[in-house]
Amino acid sequence: MPQTDCKPVADGSYQSRDLEEEFLIYDSNGDQVHVLNGTARAIFLLCDGTRRPVEIAEVIVKRFEVEPEQALADVNETLDQLVEIGLLRI
Amino acid sequence: MHQRFRVLGSVVDLSGPEQAVAPIAATYARFATDAAPDDAPGRTIALDPESGEIHTGSASFQLLPDLPPTLQLYQQFLFAIVDQVDRYVILHAAAVETPAGEGVVIAAPSGHGKSSLAQELVRRGYRFLSDDYSPLDPVGATIAPYPRTIGVVSGGGSAPVLLGKAQIDPGLIRGEDAVACDPVPLRHVLLLTSAKTSPEELQAWDRHMDLKITCDSRHAARVETAFLQTPGVTIVSRQTAGSCVVYRLSLDARLHPGRKLAPVLEDPAMILVEKVWGDPPRFDATPAAYTVPRRVAAAVLGREVVNRRLGGALMKRYKADTTLLYLDISGALKGVRCHQVQVGRFDETVALIDSLVGLTDRV
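Quick note, the sequences are listed as chains C and X, same order.
Be aware that the first sequence starts at 12, since it is given in the numbering used here, and climbs by one per residue.
Be aware that the second sequence starts at 1421, since it is given in the numbering used here, and climbs by one per residue.
It is worth saying that the hints were derived from the structure and are not from the lab.
This structure is a prediction, so every number in the text was calculated from the model and none was measured.
Beta carbons are placed, not taken as given, at the ideal position from N, Cα and C, and that holds for glycine.
One thing to keep in mind: the hints can contain errors.
Derived DEER-like restraints, expressed as beta-carbon distance ranges [to be verified]:
{"id": "1", "chain 1": "C", "residue 1": "Val-46", "chain 2": "X", "residue 2": "Cys-1601", "range": "36 to 44 Å"}
{"id": "2", "chain 1": "X", "residue 1": "Ala-1771", "chain 2": "C", "residue 2": "Asp-16", "range": "57 to 65 Å"}
{"id": "3", "chain 1": "C", "residue 1": "Asp-16", "chain 2": "X", "residue 2": "Asp-1630", "range": "52 to 60 Å"}
{"id": "4", "chain 1": "C", "residue 1": "Val-77", "chain 2": "X", "residue 2": "Thr-1654", "range": "43 to 51 Å"}
{"id": "5", "chain 1": "X", "residue 1": "Gly-1545", "chain 2": "C", "residue 2": "Glu-95", "range": "24 to 32 Å"}
{"id": "6", "chain 1": "C", "residue 1": "Gly-49", "chain 2": "X", "residue 2": "Ala-1661", "range": "49 to 57 Å"}
{"id": "7", "chain 1": "X", "residue 1": "Lys-1616", "chain 2": "C", "residue 2": "Cys-17", "range": "45 to 53 Å"}
{"id": "8", "chain 1": "X", "residue 1": "Pro-1651", "chain 2": "C", "residue 2": "Ile-96", "range": "22 to 30 Å"}
{"id": "9", "chain 1": "C", "residue 1": "Arg-100", "chain 2": "X", "residue 2": "Arg-1668", "range": "43 to 51 Å"}
Below, simulated BS3-like cross-link-like pairs (lysine-lysine); rule was C-alpha separation at most 30 Å, straight line [what the hints assert, rightly or not]:
{"id": "10", "chain 1": "X", "residue 1": "Lys-1680", "chain 2": "X", "residue 2": "Lys-1695"}
{"id": "11", "chain 1": "X", "residue 1": "Lys-1616", "chain 2": "X", "residue 2": "Lys-1585"}
{"id": "12", "chain 1": "X", "residue 1": "Lys-1736", "chain 2": "X", "residue 2": "Lys-1680"}
{"id": "13", "chain 1": "X", "residue 1": "Lys-1695", "chain 2": "X", "residue 2": "Lys-1754"}
{"id": "14", "chain 1": "X", "residue 1": "Lys-1585", "chain 2": "C", "residue 2": "Lys-18"}
{"id": "15", "chain 1": "C", "residue 1": "Lys-73", "chain 2": "X", "residue 2": "Lys-1754"}
Take the sequences, apply the hints, and build the full model.
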């Protein structure tokens, strides 16, 4: 789980394309394209270095009409995965 | 006979016996041009009937005895065009413009009726953009006109014939207004398949693909060795036909065979490389349509890029990285509606396509 006061930001060295329903990120080192679907895409796009996980979750609550606890759990899990594969820095 | 053509900025000089050149010149009549003083130096493709060789400026090829010289000349002519194009991603697809000014790309393997469908849509009031080559500008997400003739198997009347197909110019039949002159925004992608290809199978094409490869039999041993040494490539069948050998290959994308195979597929011994999209369609089936995710449509279109030869200008711009090309195609599909169309009875297929791409024009 990421630290609660971290403000994750996307690693800008990746080529990416936003297809609206999905977000594609090209990792040329690993020669693979990561596909972020609806919620993961929204969380990723909110990681601009100004928001903490709880603030990202607040936006997700409004946008997807989910319970705050569920939203925060989803945000933390998604951030963990995106940091692990190197798409986000915290 | 000699003729100069200017196609998407590429200049090609074609010369040879009239019998071989005339059908190509008729097919590309709208691209014919006179030499201009400020022309950039173009490519020269010349068939020398005495030596039986095609000279391309950088190489010479001995004609294969049992293939029509026009076919072999046409192939080099097309290579000369597409290898110079770096602004456009040229898709092997037909394209039309709806009455509302929206671009529709119709991608399909040979034999799925895309030319007939394009011709019928033009008859119904769509404008003709292209039959076989559709230039996609990935920056502006537009489709540029490529007004080569439409090749039809039958019903061409007195139209010139190239490689067994009558070459129809929609402008001559429907009037010049039926031919688009300017690029149009891409709004629809239609991937034609047979009824046997399910949406799930279509979406699995990023993991698996079949190729049908025709190569010069004199070099078959060398080519076959390269196939066998490429991880992810399986030779499904091999048939000798005159001076050609026809292979059917199965590619497992998980092993990334494309990069190692690409130089082999650009070997001068290659005569024809075709992607195989499942079974040929049955035109007595009931057509159906399914929404396709844009990234899947981009993957399918990415395999239908005509100018992705590694030595060509486009791939030099992408530094030979086909994934960057895929990303740009994906980006051009933002906001584009993508459908798989299982083709069937012709009139019903046309009506289905019309309902997918044309309804918004009539609301």
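Do the hints match the structure? See the list:
Between Val-46 of chain C and Cys-1601 of chain X the C-beta distance comes to about 38 Å, which sits within the given range of 36 to 44 Å. Our hint of 57 to 65 Å for Ala-1771 of chain X and Asp-16 of chain C holds, since their Cβ atoms are close to 59 Å apart. For Asp-16 of chain C paired with Asp-1630 of chain X, a C-beta distance near 53 Å keeps the hint of 52 to 60 Å intact. Judged by the Cβ atoms, the range 43 to 51 Å given for Val-77 of chain C and Thr-1654 of chain X holds: they are separated by roughly 46 Å.
For the hinted restraint 24 to 32 Å between Gly-1545 of chain X and Glu-95 of chain C, the CB-CB distance of approximately 54 Å leaves it violated. About 50 Å separates the C-beta atoms of Gly-49 of chain C and Ala-1661 of chain X, a value consistent with the hinted range of 49 to 57 Å. For the pair Lys-1616 of chain X and Cys-17 of chain C, the beta carbons lie near 51 Å from each other, so the given range of 45 to 53 Å is met. A C-beta distance of roughly 24 Å is found between Pro-1651 of chain X and Ile-96 of chain C, which places it inside the suggested range of 22 to 30 Å.
For the pair Arg-100 of chain C and Arg-1668 of chain X, the beta carbons lie near 47 Å from each other, so the given range of 43 to 51 Å is met. With a C-alpha separation of about 17 Å, the suggested pair Lys-1680 of chain X and Lys-1695 of chain X falls inside the 30 Å cut-off, and the hint holds. A hinted pair counts as satisfied when its Cα atoms are at most 30 Å apart, and Lys-1616 of chain X with Lys-1585 of chain X qualifies at roughly 27 Å. Under the criterion of a C-alpha separation no larger than 30 Å, the hint pairing Lys-1736 of chain X with Lys-1680 of chain X is consistent with the structure, at around 17 Å.
For the proposed pair Lys-1695 of chain X and Lys-1754 of chain X, the alpha carbon gap of about 25 Å is at most 30 Å, so the pair holds. At most 30 Å may separate the alpha-carbon atoms for a hinted pair to count; Lys-1585 of chain X and Lys-18 of chain C exceed this at roughly 62 Å. With a C-alpha separation of about 25 Å, the suggested pairing of Lys-73 of chain C with Lys-1754 of chain X holds against the 30 Å cut-off.
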